[in-house]
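Residue numbers (my numbering), protein chains in the order written: chain A, 19 to 346; chain B, 4 to 342.
Derived by calculation from the structure, the hints in this document are not laboratory data.
Beta carbons: idealized from backbone N, C-alpha and C, even for Gly.
Some hints could be false.
Think about it this way: if two alpha-carbon atoms lie no more than 25 Å apart in a straight line, the pair counts; the simulated SDA-like pairs of lysine to any residue are [what the hints assert, rightly or not]: (1) B:K153 with A:K196; (2) A:K196 with A:E69; (3) B:K153 with A:E69; (4) B:K267 with B:D277.
A short list of chain B residues far from chain A (calculated; beta carbon distances all over 10 Å) [what the hints assert, rightly or not]: (5) S24; (6) E177; (7) R270; (8) E278; (9) E326; (10) E338.
Each chain, written out:
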Amino acid sequence: MRELTYAEALREGLRQAMTADSRVFMIGEDIGVYGGAFGVSAGLLQEFGAERIIDTPISEATIAGACIGAALTGMRPVGEIQFMDFVTLTMEQMVLQAAKVRFMFGGKASVPMVLRMPGGSGTGAAAQHSESLENWFVHVPGLKVVMPSNAYEAKGLLLAAIDDDNPVIFIEHKLLYKTKGDVPEEPYRIPLGQTRVAREGQHVTVVATSVMVSRALAAAEELAKEGIELEVVDPRTLSPLDDAPIIASVKKTGRALVVHEAVQMGGFGGEIVARIASSEAFDYLEAPVRRLAGLDIPIPYNRELEYHAVPQVESIVREARKLARGEY
Amino acid sequence: MVASGQLQPEVIQRYHEVIESLGPEVLKQMLQDMHTIRAFEERAEQLYSLGKVHGTMHLSIGQEATAVGASGALRDGDYLLNHHRGHGHCLSWGSTPERMMAEFLGREAGYCRGRGGSMHIADMESNNLGANGIVAGGVPLAVGVGLSIKMRKTDQVCIVIFGDGASNEGAFHESMNMASIWNLPVIYLCENNQYAMSMPFPKAFNIKHVSERAPGYGIPGVTVDGNDPLDVYLAISDAAARARRGEGPSLVESVTYRYKGHSKSDRQAYRSRDEVAEWMEQRDPIKRFSSLLVAGGILDQAGADGMRETAMGIIDRAVEFSEASPMPDVSTILEGVYA
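With the sequences and hints as input, model every part of the structure.
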């Protein structure tokens, strides 16, 4: 099959959505001539014109607000926040407006919008351009939160997010933009709220999100050489969360490691651990459920420090091996 | 436009054109609507003091002219983004007192099925996109509504109403700038009632009028007498015409005054009784508009006096309707979070 990068897959999804539906448009900073800070929208201005690829001033709150207002009145906007860090400037609009209006108005309004943003570290951008803030949004009923882990997932989940009648926080990863994968040319949708098993294995379940899925898969390759088989599970949509495949996997393996880049304290891993612990999988556990997350620090600039701030293939190998061998 | 309750002949002359164009029936209805808003607010306060209301409320008594003047200048199909002191704007936009009161009393028959309450009344069917509990919370949305209108190529406009307090939020700046650079059909109506909760206007602004900020965004800004529905009507009409011509947004500042406290628990230590009394006695919008219509021969004194009674009757029926309608069923608590 044809290979595309994650960024190309997203662009193809955006192009197909905009071609199919005149209500879909893009709005954000430097998405036009510049093509977006990470090049996702490169060329779309030429294809769709400035009316549908809308470059904005540096006004994140109103990028979000413009999406909400347009969505409430019949459009299907896709907003871009240049770095996930800057979503902090939209919190009032996303949390108190986008997430609330439907419920607050008695179920009579809908906000079909997607807010895309690249999260994560690894680019030497330091503490204000490397955040992983997904759990802030997971904590807000009314929002959906999606974290695609490869090129195929990126296109299918983005098309599903654009189709969705709810506000969707769509979190891309900077380190994935240039990674390649098989991507079908035709439009396809991966339904929101369906966890996938990315690799089967019988010894340890590794629940991982975003870039951690590829690191977990690399760790699985390593450990397979030692006869330890990891089952890698990718929730894809953090909210709504489809926990059944996670619970089923832990029932099978009896061991679980949850891996994410965001800091551990208050992170999404705690929710996964709680779901496992309060499910029928509890009776099958042969070891404590462990978390491997970002250190509870801001992301440092120095390459070595940055590397050690978040889970890497080696640390996943180490933690999973300990669980498999009962060395925790 | 009018500094006191005394109506000078030249003032009446200035209104001649708009009075002619609106005609006696519309003018009388405007006054009736102002009475209805006041009666609604007074009843809301009374129901609250009787312990029949669970939450808070922000009353717009004294500000009725702005609501009626602004809505009167717009058309069916236009969009409204409203603020927390928004009962008057909803009523003048055409929301029914029955369903508004039902919402205030937390009933299933309310506009938001009792989920929103006083601060969040919305009526999507009439393009009333809702009142907002966050100061300036709706102001960024206006850009999106404006964009949507422009992309759908209709001749609708969006009016976003907010207070003097909201004019000091960053969202105000972002939104006005963006609407201006794209010539969006948005009317920014700042209802300056002199206080952001307890903060008096002169302590929060180093300018005399919010409208002075408009040139900073490259758009027209005017200040009007917010206690005069015709002055508001004229300014909003101008702004709407400009927006429909594709020339972009405008800022209208409507100077008015709230008679009651900020919300239910305000002891009003920040202003004097004399100040409140002066606005009530000298500049009351209902008294003034009533006198104008009587002086202009549009209404006789008996007709003017009867309007308050009519309003009370409307509100009586709204309360009856609300009290007869059921509370939301707890089994429905999860409904409406996601589409």
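Against the structure, the hints:
| no. | hint | result |
| --- | --- | --- |
| 1 | B:K153 with A:K196 | violated (36 Å) |
| 2 | A:K196 with A:E69 | violated (28 Å) |
| 3 | B:K153 with A:E69 | holds (9 Å) |
| 4 | B:K267 with B:D277 | holds (21 Å) |
| 5 | S24 | holds (30 Å) |
| 6 | E177 | violated (4 Å) |
| 7 | R270 | holds (28 Å) |
| 8 | E278 | holds (33 Å) |
| 9 | E326 | holds (19 Å) |
| 10 | E338 | violated (6 Å) |
Against the hints set out earlier in the document, violations occur for numbers 1, 2, 6, 10.
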